[in-house]
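Novice: Can you make the complete structure from the sequences, with help from the hints?
Respectively, the protein sequence lines represent chains A and B. When you line the first sequence up against the working numbering, it's residues 1 to 167, in that order. When you line the second sequence up against the working numbering, it's residues 1 to 167, in that order.
One or more of the hints may lead you astray.
Since the list gives no way to pick out one identical chain from another, each pair is judged satisfied if it fits inside one copy or across any two copies.
For lysine to aspartate or glutamate, the following EDC-like pairs were computed, each having C-alpha atoms within a straight-line distance of at most 16 Å [unchecked claim]:
id	residue 1	residue 2
1	K114	E132
2	K4	E133
3	K54	D72
Treat the hints as calculated values from the structure; they're not laboratory data.
There are 2 protein chains.
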Amino acid sequence: MDNKIFTKLSYGVYAVSTWDNGRPTGCIVNSVMQITSSPATIAISMNHNNYTHKCIEESGKFAVSVLTEKTDPAVIGTLGFFSGRDTDKFEKVAYELKSYMPVVSDSCGYLTCKVINKMETTTHTVFLAEVEEAAVSADAEPMTYAYYHKVIKGKSPKNAPTYIAEN
Amino acid sequence: MDNKIFTKLSYGVYAVSTWDNGRPTGCIVNSVMQITSSPATIAISMNHNNYTHKCIEESGKFAVSVLTEKTDPAVIGTLGFFSGRDTDKFEKVAYELKSYMPVVSDSCGYLTCKVINKMETTTHTVFLAEVEEAAVSADAEPMTYAYYHKVIKGKSPKNAPTYIAEN
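Specialist: Okay, here's the thing in structure tokens:
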């Protein structure tokens, strides 16, 4: 099997956030997709090792913030390359509350979601979630995963489904 | 809820194909994502009304062909805007067999997959599938859904999760 094919799949770049006992926490994911429009439902994939995964399991809720080409790379650095286990990520990343969920301010919009089902794999959970509220907040070009790699030259955190170990 | 946020999610453009009692059939989807890398697993979303949905339910297998910016728009026209119920789509779309699955020739690579789990929504099924074989076949830029809308000015077939009715 030629794993390079997986680099040909297209994604956006998103912050997924939730509550950790009253403290906001979150991480960066690329695997978000709309499943149906009525009732609006999305699916996301998240690594079991992400602290955010545990918090979503506990709260049953999360928000997706759509990052843009203008989003400060420090947002991705803070949310994507540290763990919420030992870092208060949202001390460094500006956020606002939407439907009682923490949403990244430096984004072009958000969806707040309630988990309604899930499927397990060896490393990742696919959460199916109904969208409770959603809004566009800025007229900016959404960041694609390809843009992130080409322009920001970001590397995949090792918990991403698309992670390829460097030799 | 502002549905415009759903246009800010980023996707690729793919042909999903399978067997219909010995005849290849398929359709166009944008919702494909990698879930884990070991064993390689992906998820796709498909409308219940797609004839391909029924055929995947019956065969338990499908292939994903990654379409590119150079893919002939007629491939999308034939696979995306007709139904396999009454059209032999692959009479007009060149394909080859990979691991006994029909794959669109005018693509930059493919994955052949075996369904291992699924989740239902009111309109769409999320199929979780293990990748059995995958290869890159051309060094071409994968088509994004944004490119499809901006450059090819394609419209969403009405079974797509991202379909927005025109008034």
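Novice: Run through the hints listed earlier and report the numbers of any the structure violates, in increasing order.
Specialist: Per hint list: single violation, 3.
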